[in-house]
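> Next come the chains, spelled out residue by residue.
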Amino acid sequence: MARDMSDKDILKMELEQLQKEVKTTREPVSKTAKEMCEWVETKSAEDPLIKGVPEDKNPFKEKGGCIIT
Amino acid sequence: MAAQEVQPNETLASLKTESETLKTKLEEERAKLHDVELHQVAEKVEALGQFVMKTRRTLKGHGNKVLCMDWCKDKRRIVSSSQDGKVIVWDAFTTNKEHAVTMPCTWVMACAYAPSGCAVACGGLDNKCSVYPLSLDKNENLAAKKKSVAMHTNYLSACSFTNSDMQILTSSGDGTCALWDVESGQLLQSFHGHAADVLCLDLAPSETGNTFVSGGCDKKANVWDMRSGQCVQSFETHESDINSVRYYPSGDAFASGSDDATCRLYDLRADREVAIYSKESIIFGASSVDFSLSGRLLFGGYNDYTINVWDVLKGTRVSILFGHENRVSTLRVSPDGTAFCSGSWDHTLRIWA
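Line order of the protein sequences matches chains A and B. Counting in the UniProt record's numbering, the first sequence runs from 1 upward without gaps. Counting in the UniProt record's numbering, the second sequence runs from 1 upward without gaps.
Just to be clear, a hint being listed does not mean it is correct.
[Said to hold, decoys possible] So the derived list for chain B, only partly shown, Cβ under 7 Å to chain A, looks like this: (1) Arg-56; (2) Arg-269; (3) Ala-270; (4) Ser-292; (5) Gly-337.
[Said to hold, decoys possible] Every beta carbon over 12 Å from chain A, so not counted as near; a handful from chain B, in silico: (6) Gly-63; (7) Lys-97; (8) Ala-100; (9) Ser-116; (10) Ser-135; (11) Asp-181; (12) Gln-186; (13) Leu-203; (14) Ser-206; (15) Ile-276; (16) Glu-280; (17) Trp-345.
For the record, the hints were derived by calculation from the structure and aren't laboratory data. C-beta atoms are modelled at their ideal positions from N, C-alpha and C, and glycine is treated no differently.
Using the sequences and the hints given, assemble the complete structure.
Listed below in structure tokens is the structure:
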């Protein structure tokens, strides 16, 4: 549909969208970044790819293997 | 004498000027709240340890480039689709193929697992999204039960079930996204706003509400309200096509991967880009991105055959994974975060943990 629109129509669509967006409520990065870091820190403890999973518990780790004596 | 003669060039120019003025104003409003950088706030966060991630399983069976994959909620099954027209359902623990369907078209660019685990959706150059119920009987011909749900006027680039098996969200080369009822095939809502092909989409985590994000060849990432069909936020900082978008696990941000060789993080509450994940040595496009469970890690699959692992908060690369022998085209972390799967033009899928 966008491919069939004229340049003018596309610009009008963009303009309407911009007019809406200028009015959005925003929060300062200092606040949102701090909250993001806090959120991650509480969840990191339970993130298997960060804390690792013991070989015997992770279904994707290799089972069996060779022991060379 | 003719009455008002509308000169097309003039109107176009004045529209452009107004658009530029508004864009500048938008940037000014956003800049007012850009009082600190994410990585500065993250200085207090503990650094990550060494990463040892390697290929644990290799899924072989596709006859051509793997284009898309998705995990089942059971954390072990995977659906993948390929340029050869095949859609395969795998048991990632055992690497066995459980189902295979041959689509009537090549380049099956999109596939998705239904939340119930009982069906898969896929589509591509056929401009449609079709749903196949998965039968317990391995001998049953899946193609016979196929249900055509979505119809676009150009290729299907991505699809995703919403919170149930009843609705599917699609994005297309025709520049639109659409929400469909699976049972009736009815179009429930369409989303217009991209000025070129839409290449990717991702639904917000269910707790955050009814929104989704899409990325396109117009370099824009748009956030949409699913009920009203309105675009609520739009970001245009990438310098090329956006190939992949993925919500941050909390729903307050999303990441994108682009042909401009960068991945970026956009904070939805601050309404701006807050991080760029890039290196001078990375010159090939990022095709797909996904977060680890906590959102601390961002995995990016690239066209230079590698997977780069980024520290989302500090903005640094923590690891680079080699293994694929051609472009990485698709990448998703498993539902419980214990592993992630990558698909490649080298015809294989790899599970990393």
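> All hints, please: hold or fail.
So, going through the hints one by one against the coordinates:
no.: 1; hint: Arg-56; in the structure: holds (4 Å)
no.: 2; hint: Arg-269; in the structure: holds (5 Å)
no.: 3; hint: Ala-270; in the structure: holds (5 Å)
no.: 4; hint: Ser-292; in the structure: holds (4 Å)
no.: 5; hint: Gly-337; in the structure: holds (5 Å)
no.: 6; hint: Gly-63; in the structure: holds (25 Å)
no.: 7; hint: Lys-97; in the structure: holds (18 Å)
no.: 8; hint: Ala-100; in the structure: holds (23 Å)
no.: 9; hint: Ser-116; in the structure: holds (21 Å)
no.: 10; hint: Ser-135; in the structure: holds (25 Å)
no.: 11; hint: Asp-181; in the structure: holds (20 Å)
no.: 12; hint: Gln-186; in the structure: holds (18 Å)
no.: 13; hint: Leu-203; in the structure: holds (19 Å)
no.: 14; hint: Ser-206; in the structure: holds (17 Å)
no.: 15; hint: Ile-276; in the structure: holds (14 Å)
no.: 16; hint: Glu-280; in the structure: holds (25 Å)
no.: 17; hint: Trp-345; in the structure: holds (23 Å)
Every hint from the earlier list agrees with this structure, and none is contradicted.
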